[in-house]
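K.L.:
Chains A and B, in that order, give the protein sequences. Residue numbers for the first sequence follow my numbering, beginning at 1 and rising by one. Residue numbers for the second sequence follow my numbering, beginning at 1 and rising by one.
Treat the hints as calculated values from the structure; they're not laboratory data. Predicted model, so just to flag it, every value in this text is computed and none were measured. A hint or two may mislead.
Put simply, identical chains are the same to the list, so a pair is met inside one copy or across any two.
Within a straight-line C-alpha distance of at most 25 Å, the following computed SDA-like cross-link-like pairs (lysine to any residue) qualify [stated by the list, open to error]:
no. : residue 1 : residue 2
1   : 371       : 241
2   : 79        : 422
3   : 129       : 430
4   : 190       : 80
5   : 94        : 163
6   : 129       : 433
Number of protein chains: 2
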Amino acid sequence: MTVVATALGGKVRKRVVILGGGFGGLHAAMGLRKLPVDVTLVDRRNHHTFQPLLYQVALAVLSPADIAQPIRSILSHQKNIEVLMDEATGFDLKQRLVLLKTGARLEYDYLVIATGSTHSYFGNDGWAKLAPGLKTVEDATEIRRRVLLAFELAERQMLETGSHPALNFVVIGGGPTGVELAGAISDIAKLYMARDFRHIDPSTAQVMILEGSPYILGSYPPDLQAKARGQLEALGVKLRTGAHVTDVQPGYVMVGDERIDAVVTLWAAGVQASPLGKLLGVETDKRGCVMVDEYLNPPEHPEIFICGDLAHVMQDGKQVPGVAQPAMQMGDYAAARIGRLIGLSHGSEGTGRNKGFRYFDKGDMATIGRKAAVANLRWPFKAHWSGFPAWAAWLVVHIFFLIGFQNRFSVFWSWAWTYVGEQDGVRLITGSQELPGWETKDDLSGNPPSRPLDLGSPKSN
Amino acid sequence: MTVVATALGGKVRKRVVILGGGFGGLHAAMGLRKLPVDVTLVDRRNHHTFQPLLYQVALAVLSPADIAQPIRSILSHQKNIEVLMDEATGFDLKQRLVLLKTGARLEYDYLVIATGSTHSYFGNDGWAKLAPGLKTVEDATEIRRRVLLAFELAERQMLETGSHPALNFVVIGGGPTGVELAGAISDIAKLYMARDFRHIDPSTAQVMILEGSPYILGSYPPDLQAKARGQLEALGVKLRTGAHVTDVQPGYVMVGDERIDAVVTLWAAGVQASPLGKLLGVETDKRGCVMVDEYLNPPEHPEIFICGDLAHVMQDGKQVPGVAQPAMQMGDYAAARIGRLIGLSHGSEGTGRNKGFRYFDKGDMATIGRKAAVANLRWPFKAHWSGFPAWAAWLVVHIFFLIGFQNRFSVFWSWAWTYVGEQDGVRLITGSQELPGWETKDDLSGNPPSRPLDLGSPKSN
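Whenever a hint applies, use it, and build me the whole structure from the sequences.
P.N.:
See below:
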């Protein structure tokens, strides 16, 4: 097949390929809306995931569709873009080609790579099945399945044998994701589950955070770290800092020689960059992030932009963090910069930016359970908020940044049901009905099947 | 463990075990609310599924949580019930015990079996993976995945090679489920997909119903069958009646010697009863349904009630159909009948019913795409409706029968977005990104990976 280029005012239309439909890729695509370019956005999934709310799917407050939307739909009104559900597997930088999993090749004049990051189990890949992390909609429904199933299996075993393993939930990692997951599990157990179970007491569930460093929420200022610690302890969450996990097994976790039982173990500890960074053949850091200059270009490739978690960007002596805000700003920047470069190649200055990228940090927030949060605000004013005001600010900001009116409406009402009405949320268990490690502790199949049940009277709560 | 019974006014409280949390089991449980009994409801899933709306999850209009709700939550205000997530695997009718998968046994005084039906592939179990049916939330998300993925793969192949297999969707079975699935696929393709794809023309998608009998909607009167046929043809759905499927293969279906290509094949043809019916050791019909008397009891077991799809009930010379309404009524009846039997055993007449079960048929409805339906009304008046009035009636009835205010609200708004606002719905592809049969037709991996793409200009629709 031959290359056909489209004429545009006598000049050849430039082709931009964007890899990844997360915050970085989507903002780059939207920024290219009015430029004379043809854009192809490639993602192996059909949907953009609003990751800051993913933990709410994992903990049964929101439905997957509330926070995930088809990339095609988001961009359907943008006529100069096509969306391709495929996966990049390599590059030919000399010929400016992206190699795709299907065997096809995609030609580009400019390339934006925003394929993000995934969990890192620090070389222990076997841990992945035992301690799922939280990056995708599938991850979220898997975590939901495990947490809800633990209560169901405990109720069943209590009813059938008169006892059940302690409902210990272990979250490995004390960053924002770990803190949000732990707070939410604690809430679910104490508030919603307690109503529905007759034989177990879900409020005895114990949530523990294991963090290797001396601090939880390491990127927050010390006063907010202390507030967060206090709010988590008020929820009954146990905090173990300086605790290095040395093994993850079905039903328990090892910290040095100490065994910590866990009916469900979740992973919020390490991330590593998408493997595409290394496939570029340029310098990467130890997590696989691509070292870029002030224009977000890897050395000697002014036509390639790295955005979001995959980019190693230094600013004022610190690395720009791998969260949503900088990814969006990098996507915006890459689009603007491409605008300028096209202008130059057409003999004009173009409309885009000549200056280097600079991250404008508006602050960070993390929720702690259903009525508290910490917020390190930097814009529109500097402040350290915690407790209910921080939580209210969090709600407003996240509703605002969600994409699509329908999703905002749906999330608003789900929060109203859940937080004001104290309704149940989305407590579906789908898929397998096994939990790793559960059988090994209390296998009923070896027992003689001859126990009539003590139904007694239902518990009077 | 010993049997402990609870005293109730000097009399021993009776134990009722209900197997299945579908319409039959749930109605039986709710009917036992005020009786002096301890109830255990056993289901292998944690949620009740509102099956009449399941096809809307499959076709991306509703989210799973809109139509599925935890059984515990539904019954949480009923103090005399406990819910057990487990699976019955057999019975000891003499000792009145239900055997559970975990090895435990459940004692009962009265037993309600309402475990419903599942797909029947008429002995060709290999077809199940190639042509999924629609009974569970997992089935629905799998059908959604396949239908949406077919469009994505076609777009990808069009973009990368310049052609794609014809988008033929084959629905095997022309009953209500088959008709509803076919109409909805046709709508999706023509209305929502057309906006979002640049290279393929989704409106060329072809939906075909293959029905073995001479009629679609066999249980409807002939005038409504004809209306349904007309409405389906207006949507562009091809109807092949008298078409016996002899083989299902990846990518195609055989009807006799004729090969019919299919990018997605769906199964809406046969059902068979839950295997628990046969495990009772009483008479069953050829689909495994239990032959019951007018009290819904199998012969010689007045303490056992069979409700819903699992029951073979004859009335006025016809078999009561396996749909939601009779299941609900049978559940109500079983509870009322148990009330009477308890009264008799206590020396009084009780409050329940002495008469046999009688199905009160209010009529049937099936939707055909997004603005039409057929309705065979029998109550509150007899009428044959079709087109928009039937569709409007369908909406009202289904919102009314949904369980839970939150779900009604959510479904109402989803319909408003989808049908009035013509918004997109829930178009998530989760899980695998393979489609059976797709590779066999157009495997790209054998081609030299050297084709720069013809991006051209995006299609100007």
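K.L.:
Hint by hint, which ones does the structure fall short of?
P.N.:
As far as the earlier hints go, only 5 is violated by this structure.
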